[in-house]
Amino acid sequence: MIELSGVTKAFGPKQVLRGVDLTIASGSSMVIIGGSGTGKSVLLKCILGLITPDGGTIALDGQDVRKAERDDFLARFGMLFQGGALFDSLRVWENVAFRLMRGHQKRPKAEAREIAIEKLRRVGLGPDVAELFPAELSGGMQKRVSLARAIAASPEIIFFDEPTTGLDPIMSGVINELIREIVVEMGATAMTITHDMSSVRAIADNVAMLHEGVIKWTGPVAEMDATDDPYVQQFIHGRAEGPISAVR
Amino acid sequence: MSPALMLRAIGRPALESLASIGRVALFAVQIVSHLFRPPFYYREFLVQVMQIGWFSLPVVGLTALFTGGALALQIYSGGARFNAESVVPSIVAIGMVRELGPVLGGLMVAARVASSIAAELGTMKVTEQIDALVTLSTNPLKYLAVPRVLAATLAVPVLVGVGDAIGIMGGWLVGITRLDFNSATYLKNTIDFLEAWDVGSGLVKGAAFGFIVALMGCYHGMNSGRGAQGVGKATKSAVVAASVLILAANYILTEVFFTS
Chain A
1 MIELSGVTKA
11 FGPKQVLRGV
21 DLTIASGSSM
31 VIIGGSGTGK
41 SVLLKCILGL
51 ITPDGGTIAL
61 DGQDVRKAER
71 DDFLARFGML
81 FQGGALFDSL
91 RVWENVAFRL
101 MRGHQKRPKA
111 EAREIAIEKL
121 RRVGLGPDVA
131 ELFPAELSGG
141 MQKRVSLARA
151 IAASPEIIFF
161 DEPTTGLDPI
171 MSGVINELIR
181 EIVVEMGATA
191 MTITHDMSSV
201 RAIADNVAML
211 HEGVIKWTGP
221 VAEMDATDDP
231 YVQQFIHGRA
241 EGPISAVR
Chain B
1 MSPALMLRAI
11 GRPALESLAS
21 IGRVALFAVQ
31 IVSHLFRPPF
41 YYREFLVQVM
51 QIGWFSLPVV
61 GLTALFTGGA
71 LALQIYSGGA
81 RFNAESVVPS
91 IVAIGMVREL
101 GPVLGGLMVA
111 ARVASSIAAE
121 LGTMKVTEQI
131 DALVTLSTNP
141 LKYLAVPRVL
151 AATLAVPVLV
161 GVGDAIGIMG
171 GWLVGITRLD
181 FNSATYLKNT
191 IDFLEAWDVG
201 SGLVKGAAFG
211 FIVALMGCYH
221 GMNSGRGAQG
231 VGKATKSAVV
241 AASVLILAAN
251 YILTEVFFTS
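Going down the list, the protein sequences come from chains A and B.
Just so you know, the first sequence maps onto residues 1 to 248 in our numbering.
Just so you know, the second sequence maps onto residues 1 to 260 in our numbering.
Keep in mind the hints are simulated off the structure, nothing from the lab.
Mixed in with the good hints there might be a few duds.
Unchecked claim - Dumping the calculated BS3-like pairs for lysine-lysine here, alpha-carbon to alpha-carbon at most 25 angstroms:
1. B:233 / A:14
2. B:142 / B:233
3. B:142 / A:109
4. B:236 / B:142
5. B:142 / A:67
6. A:216 / A:14
7. B:142 / A:106
To be verified - Which stretches of chain A does chain B cover? Using the computed rule of at least three CB atoms under 8 angstroms from a CB of chain B, they are:
8. 39-50
9. 70-78
Unchecked claim - Facing chain A, according to a computed beta carbon distance under 10 angstroms, are these residues of chain B, among others:
10. 41
11. 47
12. 124
13. 129
14. 135
15. 136
Note that the coordinates shown come from a computational prediction; the quantities given were computed from them, not determined experimentally.
Where a beta carbon is used, it is the ideal one built from N, C-alpha and C, also for glycine.
Just chain A, same shape as in the assembly (with noise of 0.2 angstroms):
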């Protein structure tokens, strides 16, 4: 279980997050939805320790995260980025196989291979992809890549930053399609942020709303077209009017 109590984090005069509270069960699948500029990134950066939080506790499993020992806990987690994140300079496979092949993780080079294709293979990409470069890859190519990387060491807990952004609706249909099946496969706990409304729907067990640096709503994705909470109403409607201002 991963909670986070009064989370607050400030850029110079710009302050993202204002005491964020939010609970994610074991084995749930959460989505942070919210606009542009309202911290959601900052938030995933700050469990996983790529930013420092001003004030407020994270915790993971009731172990306060800044406690923890760093690989430990890192080994844990799986994080499909934006943008893929690739590495350019290493093949396909090797970008997969990267956690693999290094530190406490690390198996033979032939075997974590084995892994990284079968993993590919997961995610609906031959093994001809596996000795490419990121570079000769689609986008889409690039977050199936990005996902079989996510997954490849079996993570407990999966973050995914934007996962459909950039494709057509097509591709962000198959990859919302692929997150669900993975994360109930495995039974991992999955955070995901997005603006897409249909990936909500598809990969939620639960939804929290984000804005102005607090979690406005919380509850089952089920429960999300019936609220009645102003924010969530105008953000899932996609509506100019209402509370949340179109200038941010």
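Starting from the known structure of chain A, fit chain B onto it as the hints suggest.
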């Protein structure tokens, strides 16, 4: 302007400069400390030796060749004023190995390598590849910066050594084709007046300049701002800082090596 305003105008940039020096120094200390602690990324190190050493050879070699030739012409025409044309071989050799070989080699490597490292790491930063490394339990400093700094520190002295030889050859070529020197006499004068420390000091300078080049490339790349403009600024800053530091370090090392 009131004294308070003037003090503020001077004080703020001074404090920012000192803070920058402190950050670079801390970065350098971290890199050096990681040189001796596992894990070691041998493959990345070898890739960087090729990138920094082998692929810089043409530019360093051509620079040395033309510099050696021009130096021979300059010393000959200058030496003719007091009948000292015969010093051309020894001055070309000493000038190349002590000063021009390491400094020009260092500056050419700064232009080629500091820019490339800063642009590569800067792009990795803005495309979240450095964050991805962290999430994959890999220390970016150790994986990206340490192999580059170590490779440059070891490869640039070799480049300087090769550049010295090519520069002397440039002087010899001009000497025998344009200045009517006898080939054997030119080579004998070159060897007779050259001491081991002349060469050694140049190689030590090369190592220092290699360290500076890679350090500046890595520091500015890993601290790059956002977007294309941020990467462009990081690249420019890396080349400028590396070039200025090479010239400053050259003066300090020359003081240490040759004035005591």
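query = Which numbered hints does this structure break?
reply = Of the numbered hints, all hold.
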